[in-house]
Amino acid sequence: MSILTALARAEAVESGRAQPLTTVRHTHIAERPLVLVPLSLAGEAAAPLAAIVGTEPDQPRLLVVANPRDRTQRFDFVAELARVVLSYVDGCARSVDTGAGGTKLRYAEAPQVIVPNRGGIEFVRLLGRSTRFRRPFGPYPVHRTVPILGQWLTFLRERADHPGSSMLLAMTEVLGNHWATGQSGLEDANLAALLGWIDPPGGLDGAAAAALAEDPLRSPPAGPSTDPTFDNEILAPALAAVARSDSDDFARERALAALTAAVADQMRPTWDLTWQAVRLLRGRPAGASVEARWAMDRDVFTMYHMALAEGTALPQPRRDSAVAAAGRLDRLEREQARYDAQRALDDPLVMAEFRLSGEAFTGTVVAASPNRVDTSGKKAALRPHITVQTEDPVRLEPGALLVSPARLAQQAMVVSVSSVDVVLELSKGMGRSTKQPAPGSVPEVGERVTYGPVTDAYQPPGRFPSRDDTPWTHGGPPPAVEYGPSDNDAAEDWS
Amino acid sequence: MDPLVDRLDRIRGTVAPRNHNARTIAALTSNPGCGRRGLMDAAGVNKGAVAGQLGFPAGFGQSRFAIARGNAFEAQVKADGAAELLQLLRERLGLAIPEVAYDDLSNVGGNASREVRYARTKALLARAAADRDDAGTLFDHPMLRLEIAGYYAYLEPDLIAFRAGGKFHVVEIKSFAVIDGQADPGKTAAAATQSAVYVMAMRELLAELGHPPETVSHEVVLVCPENFANRPTATLVDVRKQLTVLRRQLSRLTRLEAILDALPAGLSFDLAYDADQQPTRPADELRKAVSTIDARYSPDCLGTCEMAFFCRDEAAGSTSALGRSVRDDLGGVESIGTVLGLARGTLTPGAGQEEIAGLLRFAHKLRTECLDGIG
Amino acid sequence: MTNVIDGILRDFGSAAGRGVVVDSPPGAGKSTLVVRAARTLAEAGERLMVVAQTNEQVDDLIDRLATAAPTLAIGRLSASTYVPAQRVIKHGTVTVSGAVGDMAASAVTIGTAAKWATVTDGSWERAIVDEAYQMRSDMLLRVAGRFSRALFVGDPGQLDPFSVVAVERWAGLSWDPMQSAVAVLLRHNPDLPVHRLPVSWRLPPSAAEVVSSAFYPFTPFEAGTKPADRRLEFSARALGGGARHDAALDETLETARRTGWALHELPARHTVRTDREAVAAIADLVTRLLQLGPVAYSEHAPDGRPVTVDRVAVGAAHRDQVAAIRQALAGTVAADVTVDTANRLQGREYDVTVILHPLSGRRDASAFHLEAGRLCVLASRHRHACVVVARAGIAELLDTHPSAEPVHLNVPVRFPDGWEANQAMLAHLSSS
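Sequences listed follow chains A, B and C, in order.
With my numbering, the residue at position 90 of the first sequence is 90, and numbering never jumps.
Position in the second sequence (from 1) plus 1000 gives the number in my numbering.
Position in the third sequence (from 1) plus 2000 gives the number in my numbering.
Keep in mind that the hints are not guaranteed to be accurate.
[To be verified] Each computed SDA-like pair below joins lysine to any residue, with the alpha-carbon atoms no more than 20 Å apart: (1) B/1288 / B/1313; (2) B/1187 / C/2149; (3) A/428 / A/408; (4) C/2030 / C/2080; (5) B/1365 / A/14; (6) B/1187 / C/2171; (7) A/378 / A/284; (8) B/1365 / A/436; (9) B/1187 / B/1313; (10) B/1187 / A/225; (11) B/1167 / B/1213; (12) C/2030 / C/2219; (13) B/1187 / C/2403; (14) B/1187 / A/366; (15) B/1365 / A/432; (16) B/1365 / A/306; (17) B/1365 / A/15; (18) A/428 / C/2080; (19) B/1167 / B/1068; (20) B/1187 / C/2408; (21) B/1187 / C/2404; (22) A/378 / C/2083; (23) A/379 / C/2080; (24) B/1365 / A/389; (25) B/1365 / A/225; (26) A/379 / A/432; (27) A/379 / C/2083; (28) A/378 / C/2202; (29) A/378 / C/2080; (30) B/1365 / A/390; (31) C/2030 / C/2171; (32) C/2030 / C/2202; (33) B/1167 / B/1204; (34) C/2226 / C/2250; (35) B/1365 / A/354; (36) B/1187 / C/2405.
[What the hints assert, rightly or not] A few chain C residues that face chain A, going by a derived Cβ cut-off under 8 Å, partial list only: (37) 2120; (38) 2123; (39) 2185.
Keep in mind that the hints were calculated from the coordinates and are not lab data.
All values derive from a computational prediction rather than experimental measurement.
The beta-carbon is built from N, C-alpha and C at its ideal position, and this holds for glycine as well.
All chains, please: the whole structure from these sequences, using the hints.
Okay, here's the thing in structure tokens:
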């Protein structure tokens, strides 16, 4: 949160419409995302009740568990879901990115699964956790696709932690990163209310649309938790009717149809809203780095897909080992820094946060000495100076290092700051000559420039010991074999 | 009669005070700055009924599936003299519990009053505490009480208390799952605060008998289903922080006089129930009464307080409605209209608003500059 | 002190355990211990590695060690971007290099944890890990392979390590990378001896008691000096004057001079973080302080030593506050006074500090603002006096603070609780 966001929320209240927080879209939206709207049974850790899933807005695939407490029916549901998800995932691995260059193979697509909200991501985690250790043999065997689905869901869920990854998205979070509504962040967790502010149905203003969205009768919750009143008054009798009709085929069919219709009514509005949000996002131009981040997603997907096929995929243990945890944290922190930097460099409205705090500024070049050479060191070096006149309240000190979104390879060091201008010394990104900068590499007088404190330069990963060298300070090497599936997992009955 | 209690009784009106339970007591810590909630809770007002009469019914429903699941799990853990629980306490937590008796304190015969049941709990715990050795008894459904703003609130926890190593422990059974050692942090926090209420009440009971507070351990035993199975697992949860907060907030409740002094003498939230138990108090009049006490609305209230939808409506147009952090970022400017006026320069900043006005003007300029020409 | 250190060195010297932990409250002689331990071991012929957390700390340590042991060969392991500090290169015994290979002749090799983490071979029998509570568990994991046994020294009351990414994934694991190095070490090696340095030589008696009870409730310490040992005087009382606020400023500074603490309270108001009036008050206080010609009398300087700009520091919670204060001080006599965030002031010492209370002007307190370590660091940097600048209303803010922190299973509860520590500190300040 910042004053800029706070102001945008205030503007939204006044105008009755959500206000943009960005000038571009920072999240990749795939051509064919897979939208998944799950529902789970209240009171259970991860008992699926139903789901709508699909890649086309007009072709929702509805899956329902007629008896959520019945193990066989649950796994039938999971196997069905596995069919849809795995065929989607494999479909993404069908063509290779020919423009990638180098020797590395990269698929042209990667899966992008979109769930309505944060709860959907947790559902993916729990369903992945409860299925990846299952086996198609031994006690309570499952269909062979079930553990594979578990591995993919776990993979996707873990990607969702990576800053800038777009493989598993919670729609409320994506929208919330791009628009400020006239309500609180807490209320923004309701997809219908959030979209009510961004794209209200005809004739309504955001507040009215959000108020309607809070009525569970008009606008059922986006799951995975169901509305308690729905549970008590509709779902319970519907499930009971199915249970009673066990021996009567006709009655059973009718009861199943009634149950299916009831849960479909609960999920369908959310399905439509999620696609509405996909369309809205597609309508925004993508930021300059979005494609590069999606390429990273595709690289990771390519590697995992091939490793699974070859049987060399790393295990997905229940919890990270000491080494794995430290390595992952290192990677996440580097990705976060880079993602933050890229968004600021791609988007003047994100950079504006830094301008507001005086760490960045925009202004006009009023003087430049592009051929200035610094002879104080061992070797003479080209170090042009430019003077930028700015109205921004700059809070920088001499020596601070800055980068301009227009010249990412160039470094600028603050020489001096006065109340009206900033003098910068430039290095790098000026071509090979030590006397003359390459044309256009040094801002000219009259050019409007922005300088900020972020850089998306690559940070090398940290070095970590191998698992077997886990030091005594961290419990020593873990057992040789990571946790793998066993019969105990099969015995878990999910309720 | 205590004049404070008398005054609170008049504010509540003709109905009996709403019973506190561990959840409502725990909720006292969720927004302690709210005078409205503090007063209504202290007076035992049925906030849900008041909110309903004001036209803002609260939606705190519970799914029957969740209730059924919770009951089934608890019954399972307590079955056969709490055999599963005992095994867990011994094996998972390594507690040396001797041969055990199971004593359900709700069985007092007939429909004994809460006072009688409290006395019985007290007598049994007194005997256990006086024993040099651990008596080896699991006490189920003890009746406890806490003094809340002059009233005794009776607590009937679905709770087991036992003594091991010279200390009483509180067992809280919850049906949310612990998966690979982790549970929902929000639910765990709520369970910890509720358990802290029981620890506190047990400490008060034992204090009356002359035992020091440490007689009741600050580590409570949280029993939950493990992973996706129905097997229970037990985890020790340290509730010292929750105890500190509770102690402080409960002691603050007695400082209600300051709030009460500022209120009109005849103030009442009485809903004027008719013979059919229908409230007849006109909503307008009730709204006026409720509005005489300032609320401290924040969107977090929506999850914890029955009055929240009413207070949210009342807060429309104020920066509090946008969330605590927004309000804080705006340096305490209260109205959204003021924020926009300052940002656009149509409003002259008042005393102390110069700085936020400057920032807002700059923010406005930045947004205009960056969004110019973007749809 | 000597006895305590001897005991620690005995434990570390014995073959029994792999590690020794020493908890050191603010100014309790941590550096003295580290230098003594390094000398003792090096003089016994042992090659020693020393891990500190920042370049500043490494340079300080080298300066102290090289001064204490002028013939000891010391290696300064450093990154390529490191510019050797004057206080390091002035000692002819110090080799500065980025490669451990160049340190073969050095009895003691000192570097930051980040630099040590890049070293892939070589092993040392013993290591000293300084400021180990500032070090994150994942960093210890990266360097622990280099040594067999180690002495971990640090202040448990400092700020917890933090991260900008979501870390709940690891909550409850004994090797959660977000813990401090000491926490992870003790969870896996619960039997390691833990020593405590019981006496603060920095904090005056007026501060030791307050800081000890608010931030170290279960491991109290006391001041090594008596009230009579420390005295602050203003030698230029007549100077200055004229400005509108002077009376209030002088009263605050006089209170601080006399009692070691002063709360400079501004009218209650919710403000933006960079509260202009609070920033101005700090600038006025610091410049006024320097104009008053403060002289510190202490056990080190019984005849008094002027409190110069390098002996005064200003602390705040946020970077933008620091920037605003620096800007306000620019061009004044106090332009060179250190102004920094709590994070960066950890481990440093001054005669007089002026701090902006983290909760000043806030309407709602976040976990960040309430963190006990933040206030602890800010309130324990001074040898003579600390002036706290704050808007009125912090007591109410604490009282109305909703306690809705999530609870993770199997995560040890950290004490002191920030909320309680803040209450204790405020109660003391308001009464002084």
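Right, here's what the structure says about each hint:
1. B/1288 / B/1313: holds (14 Å)
2. B/1187 / C/2149: violated (41 Å)
3. A/428 / A/408: holds (10 Å)
4. C/2030 / C/2080: Judged against 20 Å, a Cα distance of about 29 Å means the pair is violated.
5. B/1365 / A/14: holds (18 Å)
6. B/1187 / C/2171: holds (15 Å)
7. A/378 / A/284: Violated, at about 50 Å.
8. B/1365 / A/436: violated (38 Å)
9. B/1187 / B/1313: violated (28 Å)
10. B/1187 / A/225: Given pair residue 1187 of chain B, residue 225 of chain A holds - Cα atoms ~15 Å apart, limit 20 Å.
11. B/1167 / B/1213: Answer holds: residue 1167 of chain B to residue 1213 of chain B is near 10 Å, not above 20 Å.
12. C/2030 / C/2219: holds (16 Å)
13. B/1187 / C/2403: holds (14 Å)
14. B/1187 / A/366: Violated. Residue 1187 of chain B to residue 366 of chain A sits at ~59 Å, over the 20 Å cutoff.
15. B/1365 / A/432: Violated: residue 1365 of chain B and residue 432 of chain A sit about 40 Å apart, past 20 Å.
16. B/1365 / A/306: Violated - the C-alpha atoms of residue 306 of chain A and residue 1365 of chain B are around 51 Å apart, more than 20 Å.
17. B/1365 / A/15: holds (18 Å)
18. A/428 / C/2080: holds (18 Å)
19. B/1167 / B/1068: violated (33 Å)
20. B/1187 / C/2408: holds (10 Å)
21. B/1187 / C/2404: holds (11 Å)
22. A/378 / C/2083: holds (15 Å)
23. A/379 / C/2080: holds (18 Å)
24. B/1365 / A/389: Holds, because 17 Å separates the two Cα atoms, which is no more than 20 Å.
25. B/1365 / A/225: violated (42 Å)
26. A/379 / A/432: OK: residue 379 of chain A and residue 432 of chain A at ~14 Å, within 20 Å.
27. A/379 / C/2083: holds (18 Å)
28. A/378 / C/2202: Violated, at roughly 44 Å.
29. A/378 / C/2080: holds (17 Å)
30. B/1365 / A/390: holds (14 Å)
31. C/2030 / C/2171: Answer violated: residue 2030 of chain C to residue 2171 of chain C is near 31 Å, above 20 Å.
32. C/2030 / C/2202: holds (11 Å)
33. B/1167 / B/1204: It holds: about 15 Å lies between the C-alpha atoms, which stays within 20 Å.
34. C/2226 / C/2250: Between residue 2226 of chain C and residue 2250 of chain C the Cα gap is close to 26 Å, so the pair fails against 20 Å, i.e. violated.
35. B/1365 / A/354: holds (14 Å)
36. B/1187 / C/2405: holds (11 Å)
37. 2120: holds (7 Å)
38. 2123: violated (11 Å)
39. 2185: Holds - the Cβ of residue 2185 of chain C comes within 8 Å of chain A, reaching about 5 Å at its closest.
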